[in-house]
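Protein chains in written order, with this note's numbering: chain A, 1 to 97; chain B, 1 to 417.
Think about it this way: if two alpha-carbon atoms lie no more than 30 angstroms apart in a straight line, the pair counts; the simulated DSS-like pairs of lysine-lysine are: (1) B:K353 with B:K230; (2) A:K47 with B:K65; (3) B:K353 with A:K47; (4) A:K47 with B:K230; (5) B:K11 with B:K290; (6) B:K18 with B:K290; (7) B:K3 with B:K290.
To give an idea of the interface, some chain A residues facing chain B are shown, with a C-beta separation under 8 angstroms as derived from the structure: (8) M1; (9) E14; (10) L15; (11) A18; (12) H19; (13) I36; (14) G40; (15) Y44; (16) L45; (17) R46; (18) N48; (19) T74.
Far from chain A by the CB rule (all over 12 angstroms, computed), these chain B residues: (20) G74; (21) R133; (22) R177; (23) V271.
Since the hints were made in silico from the structure, they are not lab data.
On a predicted model such as this, the values are computed, not experimentally measured, just so you know.
Ideal placement from N, C-alpha and C gives every residue a C-beta, glycine not left out.
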Amino acid sequence: MLVIQCPFCGPRPELEFAHGGEAHIARPSDPASVTIEEWGAFLYLRKNTRGVHAERWRHVRGCGRFFNALRDTTTDQFIATYKAGEAPPASATGGAV
Amino acid sequence: MQKFSAWSLLKKSFGGHKGWQSQWRRATPKPEYDAIIVGGGGHGLGAAYYLAAEHGLTNIAVLEKGWIGGGNTGRNTTIIRSNYLFDESARLYDHSLKMWNDLAQVLNYNVMFSPRGVMMLAHTVHDVQVIKRHVHANRCNGVDNAWLTPAQAKEFCPPLNIDDNIRYPVMGAALQRSGGTARHDAVAWGYARAADALGVDIIENCEVTGIRRDANGAVEALETSRGLIKSRKVGVSAAGNTSVVLGLAGVRLPLESFPLQALVSEPIKPVFPCVVMSNSIHAYVSQSDKGELVIGAGTDAYTSYTQRGALHINAHTLEAICELFPMFRRMRMLRNWGGIVDVTPDRSPIIAKTPVQGLYVNCGWGTGGFKATPGSAHVFAWTIAKDEPHPINAPFTIERFRDGTLIDEAAAAAVAH
Ligand SMILES: Cc1cc2nc3c(=O)[nH]c(=O)nc-3n(C[C@H](O)[C@H](O)[C@H](O)COP(=O)(O)OP(=O)(O)OC[C@H]3O[C@@H](n4cnc5c(N)ncnc54)[C@H](O)[C@@H]3O)c2cc1C
Ligand SMILES: [Zn+2]
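Sequences and hints are given; from them, build the entire structure.
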């Protein structure tokens, strides 16, 4: 079981969290004006990174809040967690997100 | 190829079983092939076999980064069934189910296909409605599936606990009598041996690390850990690593890779006659011919490439198994493992051409592609050979996610295997 650092509550067991998929996917602000390719990509295409992956988590059985994390999907090790709306900490990733 | 038969087995047993040849050659890569398959799982080896056997392409290779069958093919719980909801899925999975029946004869290899029946339990009113809807849809499509009352379910599978005082009482079940299990390794080995006999090079320890394209963008060669290999047709069957491999050609896919775990018990005498699955409480169980209970869990919560998952997922599954089959409560588990499954948003596969000329993909089988190995390999080979899909896999495109023509088995059942 993973230990996950909630930016609001501190380290908690994985069981308290829900995985929320790839982070930093912005919904087009004017859906009517994007092409069908762009809309399909927004809905369905994912990086599915093998390596350092930026992803959303939600502390469902704790504070209930969403936050983002950088995790290495080849080891499952968390590199950093950070609040929603913040940019991923570049120092932690070497810029390779 | 040395033919296997009761007679050849007997004859070799008198000679102390000396003189058996290895089942496929240890091939070294040639500089160029007419077609290359990336990924030596059942789907990739099968595609190579059908390319050679049915389309006359024999100057071809299968490149496998590890050992053949070391991916999900050798890690799965081997449930075979075809009772999916939608017409497109029914055609694809039933095509495969029919091929299992004579696969051992076709390959001259005992794949131990055992149509012992697959029973899917209903525990809630919602389950009952969803499962009955499947039974009716399957009957319209000529796919075998029947509704059982709890008493009929217990008659078919005596160890099942149908008491109404358990946490998730059994309210009925669907039974596909023609479903069952097969020996996973034998499927990989049987296809490898039969393909090799037709001249296919099976190249292990050969990881694809780059896809080279010509001035028009078409595929011309693969960079591998064993050097550059030219080919103008490349079919990728890399399961959990498909996003990584197609990323080498700049193709993005609607896939996410999750760990999926399974475990086996100590071996015991035959006690369990069929396959039982419960989607609501995430447990699947059958008994192998060696006597082990083969138990599958749900996927882990997060994407990963580690081929392992969290123990609490297995604990959750075992709680369900112990409640449904109280006689297993004191059994010990021998080992557990994980595989990385490539999941699409609608839980249906992609077997299609890609936007890159000469590059084809067979992926998105997620938690349930073992059952489809023969059928999928068969139509994937067709797609590669003719540069157009077989009618059975024509709906399973990448573009369905752009056009909104999903084949939404996910919403239909939240079914796993
Ligand atoms: C625990 C578990 C239980 C399952 N239970 C069932 C079940 O009961 N019923 C069912 O129908 N399905 C089940 N499945 C799903 C099923 O196992 C898969 O859908 C199916 O086996 C996929 O076959 P494949 O040949 O496409 O993939 P694999 O067997 O995974 O083969 C892909 C191969 O590609 C190779 N590869 C990857 N990248 C590269 C590269 N760059 N270069 C060269 N080679 C590469 C890999 O090493 C691998 O050997 C289960 C899966 C798991 C993990
Ligand atoms: Zn919190």
